[in-house]
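S.K.: Letter by letter, the chains look like this.
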Amino acid sequence: MGIVDAAAGPDRGPYCSAMSTAAGAGGSRSASRHLVGRDEVLARLEALVEQTVAGHRLGTVLVEGPAGIGKTRVVTELASRLEARGVAVVVGHCVAEGELLPYAPVAELLAGLVRREGAAAVQRAAGPAAAELGRLLPALGDPGPVELDTMRSPRLFQALSSLLQNLSFEQPLVVVVEDVHWADTSTRELLALLARQQQGDLVLLLTLRTDESPARAGLSRYLAELVRRGDHRVVLQPLSREQQAHQISDILGVPPHRQLLDDVFTRAEGNPFFAEEVLALSQQGDEGLPATVRDLLVARLEALSPATQQVVRTASVVGRTSPHRLLAAAVDLSGERLDDALRSAVDAHVLEVEGDALAFRHALLQEAVAATLLPGEEARTHRRIAEALAADPALAGPGARVAGRLARHWSEAGDASRALSASLAAAQEAAEALAFAESLAHHEQALRLFDVVPDAEELLGMPRVALLSSAAGVAQLAGHPERAVELVRDAIALVGPDDVEQLGWLHERLGRYLWLSADTGRALEAYRRGVELVPEEPASRRRAAVLSGLSQMLMLSGRYGESEQLAREAITVAAQIPDGRTVEGHARNNLGVDLASTGRLEEGVAELQAARRIAEEQFDDIDDISRALVNLYSVLYFHGRLDEAADVALENVRVTESLGLQRGRGVWGRCDAAQVLLLLARWDEAGQLLEDARELGRQGIDLYRTDLVEGQLWLRRGDVARAQALLESAETAAGRLIDPHLLSPLYVGLVQSAVARGDDESASRWSEEGLRRLQQVPHPAHLAPLLAAVATAHVRAAPPRPDAARELLSTARAMVEEFAVRGILAEAEVVTATAELSGGVGPWRAAAETWEHVGDPFRAAYAHLRLAEELLASTEGRPEAAEHLRTALTTARQVGAQGLLRQAEDLGRRSRLRVEAAPDNPYRLTSREAEVLRLVADGLTDRAIGGRLFISHRTVERHVSNLLSKLDVDRRSELVATAHREGLLDPVMGSPDIR
Amino acid sequence: MPLFMDVHEKVEGLTAEAVGNAHKADLAVQGAYGVDYKQYWFDEGTGKVFCLVDAPDAETASRVHREAHGLVADELVQVEEGH
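In the order they appear, the protein sequences are chains A and B. Taking the working numbering, I'd label the letters of the first sequence as residues 1 to 995. Taking the working numbering, I'd label the letters of the second sequence as residues 1 to 83.
Only chain A is shown next, with the shape it has when bound in the complex:
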């Protein structure tokens, strides 16, 4: 049970004969005392641990190699060296039957920490959510029942995360997870979360068997994701002949003679475990050594007495480790005969004593033994173990969960009825431990057995519909919404038409799962059916939920008026019921977007803030916290309040991280942030966020969004071919989308990239396609930008089609002018397209000013460039043209817009304007930062600066903190002094200054 035990003093138990501790010649040892041939690897690992701990952020180290190469031995040796240097080490093992025993390694880690620190200290360090750990280790508290339609697993993560972080600040901590190739899905996900975001003086050290066959699906991709840049993989190589000679020399006590060494090295090929086994066999007196490792291991077992063999076989069916009492109950032997059998298994180094249990010395031994069982014998053994466990669950060990084991043993024993009951119990047990993937596996097994077992319904006390809907809930929580859709559809098919209550509820679920599968259209239909079915009276949570669900789908489809009405209805119903608060929050989330999108921005923002507060206070459907932030971002964004939108988007990234929601929400939040940073000309940050987003997820709607935003980024950077490829890939993925706010930027981007390439034909094709898909929901925020882009395409076409452009623009202008809020992002697009159409100093000046006001330096620079061009038409315009050209050059260079830079330089040459970019900006301050710096120098507070620039004081704080780091100073006063000294406050000709 790990190194913690070993450090506390090994408990050898009653089966340890004097032989196995004797020293000296005679081959009484099974393994070498000294670890041979691993000095370099150990030194490297020690250095990695030291270096990672110094970084105060969790680092991952993967130690890998084939079975028997010595991973555990290396890690054990490393642990004792680290312990000697004041680093704590805890260990958890994954087991081959992991999918049935969720979180087994994590529970073992917790047990190790409790032994080390005491339960009270562990609870304290785990913080407010400590009781969640009781799901894995009952000694740590009672977390209460799990409601399947909520999403609480992040609390478990939070508890574990605080625990590790707090302990690691007292003493550096290495968390070892052995045999990660066998990790259950829940453990895998927890490890992935830890690896991604855990802070603290922590190292996550994983061991991986590389010859595991067949490899678990997705393992290599998972590991690639887990062990990322800055982490390390350490591969254990086979021992050289010389090293193997030293190993044998150490085991035997004398150097091996040549023939022995030849024999061992030829068979073991440098594998230390195999060498040990060859030696053990040769000492059992076997003369002819078998050729293969499997034969070798089997030969070792055949040399044991029949009684010992029976015990060892039974143990192999239980698993790598068998509690002594369970083994005693499942074999025919008892008393002294059992003790003798066990003692000889221990003396032969097949089993080892671990506290109250017996463990195979190596997993390979267990596998070799299990493979020798005949089918009938195997089923019989499973049955005996199942019977023993069913009669006395405590045999599995104190606090162990038995339902999963029982399900496995009954099923392998071929007892369908008992397996069915046990599978259901195991499904519930796993769900209580928040191990949803495993719970789903048990549910699926129960559903299969349900058809086979007669009277299954009476046996379970549960109809098939209930089993299906429970399975669907778990499938969704396990991240398989498509499977949830199938399951709930099966359930609907079983319900009679009169049971409207049940049908209504199932349609509500169906709607939710469909939405999570990115099928907004069908989700809308499902919710609509749900609203028809669930009775209005009496007011119920279900009624409120179907109303709010339908409202959400209508909102996402851009039908804000209908959505608003339903959201208000849902809020009214929710207010009449005691548990309506969560649904109320959900409905206010929809309402907020509806209001903001129909000209009531401030009211909408207030509703979204209320939705967020409710979600945080209920902490029930925590997904809604992030949803409120996403929606808030979205309405701020299209209203052109970019700084605030950026703040909200970045906050959402942090919140999803801290709630452990990044698998579900992390990509979206990062894309939101990248999208707005793109406009703010913070391209490097945007690029980094997109890179992170790609590492997090590559499926469905997330992939679509990542391609889209990255395409927009490359379009601005001037790499049109790359942009086009990304946008076209997004277009392919957008087939089922009806959401206007997602379709609009796609087609705008595609049209712009075609125009940039001078490809009229593609521009027309994308224009038509985009207009066709967006015109069904003509909202100015979404449709007007596309109309502007299409109009620009007409203007740039050869020959130009000004009439078509004029017509589109007048529609677009009418739309934005009718909209209750002025200054939305779409308006700036219309102003620019109008300038494209008419040309002239006035329109381009208006465009430049509009973009300056919005805070989009790239678009502003382009407008400045076109304005310079117009001004050059007259001689008196030349001085002013030079100014605008300088602005364009400076910005293009600053933000790295290659295409724009080329155009600006080209204009400079053609017009013979001798213009250099503004005096270098060595600190790479953005124009907004330069503004803030001036106001700081004027002595204004952050709040006052915010008031002056119409941005929140938190945004100002962020700009100031960026300034501090860019100017490399610690305090505000130094900031001003440095700014004066470096001339950053001097007026710069042609630089955007909208004070």
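Fair warning: there could be bad hints in the mix.
[Stated by the list, open to error] Straight-line C-alpha distance at most 25 Å; calculated SDA-like pairs for lysine to any residue:
| no. | chain 1 | residue 1 | chain 2 | residue 2 |
| --- | --- | --- | --- | --- |
| 1 | B | Lys10 | A | Gly947 |
| 2 | B | Lys10 | A | Glu269 |
| 3 | B | Lys38 | A | Asp263 |
| 4 | A | Lys966 | A | Leu935 |
| 5 | B | Lys48 | A | Thr266 |
| 6 | B | Lys24 | B | Glu75 |
| 7 | A | Lys966 | A | Arg981 |
| 8 | B | Lys24 | B | Leu3 |
| 9 | B | Lys24 | A | Arg258 |
| 10 | B | Lys48 | B | Gly70 |
| 11 | B | Lys24 | A | Arg33 |
| 12 | B | Lys10 | A | Pro238 |
| 13 | A | Lys966 | A | Leu985 |
| 14 | B | Lys38 | A | Glu269 |
| 15 | B | Lys10 | B | Val72 |
| 16 | B | Lys48 | A | Arg33 |
| 17 | B | Lys10 | B | Gly20 |
| 18 | B | Lys10 | A | Leu260 |
| 19 | B | Lys24 | B | Leu52 |
| 20 | B | Lys48 | A | Asp263 |
| 21 | B | Lys10 | A | Leu935 |
| 22 | B | Lys10 | A | Leu35 |
| 23 | A | Lys966 | A | Asp684 |
| 24 | B | Lys48 | B | His23 |
| 25 | B | Lys10 | B | Lys24 |
| 26 | A | Lys966 | A | Gly947 |
| 27 | B | Lys48 | A | Arg258 |
| 28 | B | Lys24 | A | Glu269 |
| 29 | B | Lys38 | B | Ala16 |
| 30 | B | Lys38 | B | Asp74 |
| 31 | B | Lys10 | B | Glu59 |
| 32 | B | Lys10 | A | Asp39 |
| 33 | B | Lys10 | A | Arg267 |
[Claimed, not checked] Only some residues are given here: those of chain B computed to face chain A with a beta carbon under 7 Å:
| no. | residue |
| --- | --- |
| 34 | Met5 |
| 35 | Glu9 |
| 36 | Gly13 |
| 37 | Leu14 |
| 38 | Ala18 |
| 39 | Asn21 |
| 40 | Ala22 |
Please keep in mind that the hints were generated in silico from the structure rather than gathered at the bench. The structure presented is a predicted model; accordingly, all values stated were derived computationally and were not measured. We put the CB at the ideal spot given by N, CA and C, even for glycine.
Assemble the complex: chain A is given as a structure, and chain B must be docked to it using the hints.
M.R.: Just chain B now, kept in the frame of chain A:
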């Protein structure tokens, strides 16, 4: 009794402790054969070992090695003690 010096060109896995154990094994076995392994020299780096042994003949000296640990010398030379 004649005196022999044997040479083990390369003992793989040689350590001071292991060669010491091997020598002890010789001492445990040699009585029955009237052999006396008196002293040995070794070099851990190359694995080279020299043993000085009093034995009735070369064959008997080797036999003790074979029985004790199996490490038979590559070369065995009868020598005279110099003064």
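S.K.: So, for every hint listed, does it hold in this structure?
M.R.: For each hint, the structure was consulted:
1. Taken as a hint, the Lys10(B) and Gly947(A) pair is broken in the structure, with Cα atoms around 86 Å apart against an allowance of 25 Å.
2. For the given pair, Lys10(B) sits about 20 Å from Glu269(A) by alpha-carbon distance, which is consistent with the 25 Å threshold.
3. Note on Lys38(B) and Asp263(A): the hinted pairing is violated, with a Cα-Cα distance of about 31 Å set against a maximum of 25 Å.
4. Proposed proximity of Lys966(A) and Leu935(A) is supported: the alpha carbons are some 17 Å apart, at most 25 Å.
5. A C-alpha spacing of about 23 Å is found between Lys48(B) and Thr266(A), which places the hinted pair at or below 25 Å, so the restraint holds.
6. Of the supplied pair hints, the one linking Lys24(B) and Glu75(B) holds, its CA atoms being roughly 21 Å apart against a limit of 25 Å.
7. Only pairs whose Cα atoms come within 25 Å are accepted, and Lys966(A) paired with Arg981(A) is accepted, the gap being roughly 15 Å.
8. The hinted pair formed by Lys24(B) and Leu3(B) meets the criterion: a straight-line CA distance of about 19 Å does not exceed 25 Å.
9. In summary, the hint linking Lys24(B) to Arg258(A) is supported, as the alpha carbons are separated by about 20 Å, within the 25 Å threshold.
10. Annotation: proposed proximity of Lys48(B) to Gly70(B) holds, straight-line Cα distance about 16 Å (limit 25 Å).
11. Between Lys24(B) and Arg33(A), the direct Cα distance comes to roughly 20 Å. Compliance with the 25 Å bound is thereby established for this hinted pair.
12. Of the supplied pair hints, the one linking Lys10(B) and Pro238(A) holds, its CA atoms being roughly 22 Å apart against a limit of 25 Å.
13. For the proposed pair Lys966(A) and Leu985(A), the alpha carbon gap of about 15 Å is at most 25 Å, so the pair holds.
14. Of the supplied pair hints, the one linking Lys38(B) and Glu269(A) is violated, its CA atoms being roughly 37 Å apart against a limit of 25 Å.
15. At roughly 11 Å between alpha-carbon atoms, Lys10(B) and Val72(B) fall within 25 Å of each other, so this suggested pair holds.
16. A distance of roughly 24 Å separates the Cα atoms of Lys48(B) and Arg33(A); the hinted pair therefore holds under the 25 Å criterion.
17. A threshold of 25 Å between alpha carbons decides the hint, and for Lys10(B) with Gly20(B) the separation of about 16 Å falls inside it, so the pair holds.
18. A C-alpha spacing of about 15 Å is found between Lys10(B) and Leu260(A), which places the hinted pair at or below 25 Å, so the restraint holds.
19. This hinted pair checks out: Lys24(B) and Leu52(B) have alpha carbons roughly 14 Å apart, not beyond 25 Å.
20. A distance of roughly 22 Å separates the Cα atoms of Lys48(B) and Asp263(A); the hinted pair therefore holds under the 25 Å criterion.
21. Our distance criterion of 25 Å between C-alpha atoms is broken by Lys10(B) and Leu935(A), whose separation comes to about 82 Å.
22. At most 25 Å may separate the alpha-carbon atoms for a hinted pair to count; Lys10(B) and Leu35(A) meet this at roughly 22 Å.
23. Restraint check for Lys966(A) and Asp684(A): satisfied, since their Cα atoms lie roughly 14 Å apart, inside the 25 Å limit.
24. Restraint check for Lys48(B) and His23(B): the C-alpha separation of about 14 Å stays at or below 25 Å, so the hint holds.
25. A threshold of 25 Å between alpha carbons decides the hint, and for Lys10(B) with Lys24(B) the separation of about 20 Å falls inside it, so the pair holds.
26. As the CA atoms of Lys966(A) and Gly947(A) are separated by approximately 24 Å, the hinted pair is consistent with the 25 Å bound.
27. Our distance criterion of 25 Å between C-alpha atoms is met by Lys48(B) and Arg258(A), whose separation comes to about 14 Å.
28. Taking the CA atoms of Lys24(B) and Glu269(A), the gap is near 30 Å; set against the 25 Å cutoff, the hint is violated.
29. A threshold of 25 Å between alpha carbons decides the hint, and for Lys38(B) with Ala16(B) the separation of about 17 Å falls inside it, so the pair holds.
30. Of the supplied pair hints, the one linking Lys38(B) and Asp74(B) holds, its CA atoms being roughly 18 Å apart against a limit of 25 Å.
31. In summary, the hint linking Lys10(B) to Glu59(B) is supported, as the alpha carbons are separated by about 21 Å, within the 25 Å threshold.
32. Distance hint between Lys10(B) and Asp39(A) is fulfilled; the C-alpha atoms sit about 23 Å from each other, no more than 25 Å.
33. Between the alpha carbons of Lys10(B) and Arg267(A) the distance comes to roughly 22 Å, so the proposed pair stays at or under 25 Å and holds.
34. Taken as an interface hint, Met5(B) does not check out: its beta carbon lies about 19 Å from the nearest beta carbon of chain A, beyond 7 Å.
35. The criterion of a C-beta within 7 Å of any C-beta in chain A is not met by Glu9(B), whose closest approach is roughly 11 Å, and the hint is violated.
36. Hint on Gly13(B) holds. Least Cβ distance to chain A is approximately 3 Å, under the 7 Å limit.
37. Interface restraint check: Leu14(B) against chain A, minimum CB-CB distance 5 Å, threshold 7 Å, status holds.
38. Because the closest C-beta pair between Ala18(B) and chain A is about 5 Å apart, less than 7 Å, the hint holds.
39. A least Cβ separation of about 5 Å between Asn21(B) and chain A falls short of the 7 Å threshold, and the interface hint therefore holds.
40. Taking 7 Å as the C-beta cut-off, the interface hint given for Ala22(B) holds, the closest approach to chain A being about 4 Å.
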